[in-house]
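Enquirer: Spelled out from the first residue to the last, the chains are:
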Amino acid sequence: MQSYHIFSDCALINGAIYFGLSVLCVFIIMAFAGLSVVAERKVCAYIQGRWGPNRTAIAVVEDIPFVGNFLKKNGLMQLAADGLKFLLKEDPLPKHVKKIWYMLAPVMALAPVLIVAGVIPFGVYWQDGRAYPVSIANIDISLLVALAVGGLGVYGAIMAGWSSNSKYPYLGAMRAAAQVISYELAMGLSVLPVILMASYNGVSALSIFEIAKMQSGDVWLCMLQPLSALIFLVALFAETNRLPFDMAESETDFVSGYHTEYGSFKFGLFFVGEYGHVVVGSALFIALFLGGWDPLPGCDWPSSWGIVSTLLSVATFLVKVAFMVVFFIWIRWTVPRFRNDQVMTLGWKCLVPLAALNFVAYLIYTSIA
Amino acid sequence: MAIIVERKRLSFWERTYLPQILSGLYITLKNFFAPKVTLEYPDQQPVIPQGYRGAPVLVCDSDGRHKCVSCQLCEFVCPSKAIKVTPSAIPEDSQYAFIEKGPADFQIDMSRCIYCGLCQEACPEQAIFMGSEFSINAYTRAGLVRHKDDLYKIGGVVPDKIMKWQKIKEREAK
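Protein chains in written order, with the numbering used here: chain A, 1 to 369; chain B, 1 to 174.
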């Protein structure tokens, strides 16, 4: 089976095109991460009865009629201000840190997110009557790659906590490690019924694209496997260190958790990494449980429309990701954060057994039916 | 006496915590679309309530007479030494020449003023008031020092029912 699209017979040109696409993918993820920072500030402001950032403006852009005012009122130029602030601030290197690991940690926090983005199917295209994903890499075990590499993100937190050589980052990193280990387990167990279901349908069961394609024009998996979807979603919140599970950061008890000793651009990388994780996690959840690029359950973009359908599928997927990110933010400003022991209890005593039971129940159901 | 509160046993649904999350999401969603309470300050000015203690200013009475007689009580009472009065005689040709003194200059340093209102309390002539101004800016320190003319201009007229000096003048004329 041809696993990736060949644009040209020349390997060099093909490689160059794939490199370009990878850069584009990184840009899209970064743009989404940046926009979700703005969305976070805006949504939290609206929920709290405020307007949020609506005054920052770039001199020339501001004067464009309609567009300028739109950008200003929606805080979109705040994005540039935030980014520039991270870039232009003094970048301190504390004396007491373990330098190599300290420098490596922010990269380690961001890189896995971008790697996982490579296997996310952003849409679908057809060639010779076969469907292919719009993704950088179309591999058969993309779900495993996503879960395994996505879980590596916590090494950024652990490295940062350890190399900072100071107590609050260390405690934050320990909590991050404990939390990710417990929720990774629940997450892995919760997708097992989905994989099983996919394998019964005779598709390559560990491929995110095949699982998403299985739902295309059919009911979505969140309806067939609601418990799996719920556990996966909760575990995703914990994985991405979002409230109500922000044990690693928990500014109420740990100043700022594992990135307490960081400033300027290195902190910016952690920040973007966190939001990138949210974006990629949302994309994963959508591909697995929310019908991928389908606009509605039981309704898909017809393959006969060719490239139009492809573009529509990518657009649908990105809109869904945007909604999912807003949902993440919405949850953050609604649910109060848990205590550390509550997080552990929920993970080990609740989600892991529930996910296992769900799997066993599905096994029994399928063997009878 | 201690009161023992009977705790209601939570139902299965309540213990899953999910209905609470859903109702919470509904509340935040309602708030999302609710009108915003933010006053967009420089574009919208707040309503200043009666009796607001803003920047101190000098006032005239309804005849347009400058009320300050430069007794310097405000200068002495001012805890942050923001007020500086330069007393002088009122010119001979003025109709108010019979009043002993008037300020040649009256300075309030707004970078020192703490808006305590003691000057207003101390003033025997009710010539200095706490106005409604609260946002005072300048590019230099000197720009924050207000002089007599500015203070009278900002203060405007405060109607005076008693008109003490007019009565004194009438009595002396008899």
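Hints are computed from structural coordinates only; laboratory data are not their basis. Honestly, I wouldn't trust all of these hints.
What the hints assert, rightly or not - Below, a list of computed lysine to aspartate or glutamate pairs in the EDC-like style, where the Cα atoms sit at most 20 Å apart:
hint	chain 1	residue 1	chain 2	residue 2
1	B	K84	B	D43
2	A	K73	B	E125
3	A	K72	B	E40
4	A	K72	B	E125
Stated by the list, open to error - Per the computed footprint, the stretches of chain B lying under chain A, defined by three or more beta-carbons under 8 Å from a beta-carbon of chain A, are:
hint	stretch
5	19–29
6	36–49
Quick caveat, the model's predicted, so the values are computed rather than measured. From the three backbone atoms N, C-alpha and C, an ideal C-beta is built for every residue, glycine too.
Enquirer: All the hints need checking, so say for each whether the structure fits it.
Expert: Against the structure, the hints come out as follows:
At roughly 35 Å between alpha-carbon atoms, B:K84 and B:D43 are farther apart than 20 Å, so this suggested pair is violated. Restraint check: the Cα-Cα separation between A:K73 and B:E125 comes to about 50 Å, which exceeds 20 Å; the hinted pair is violated. With a CA separation close to 14 Å, the supplied pair A:K72 and B:E40 stays within the 20 Å bound. Between A:K72 and B:E125, the direct Cα distance comes to roughly 51 Å. Violation of the 20 Å bound is thereby established for this hinted pair.
For the stretch 19–29 of chain B, the proposed coverage by chain A is satisfied: 6 residues have a C-beta within less than 8 Å of a C-beta in that chain, meeting the threshold of three. Only residues whose beta carbon comes within less than 8 Å of a beta carbon in chain A count, and the stretch 36–49 of chain B has 4; three or more means the coverage holds.
Hint check: violations occur at hints 1, 2 and 4; the rest are consistent with the structure.
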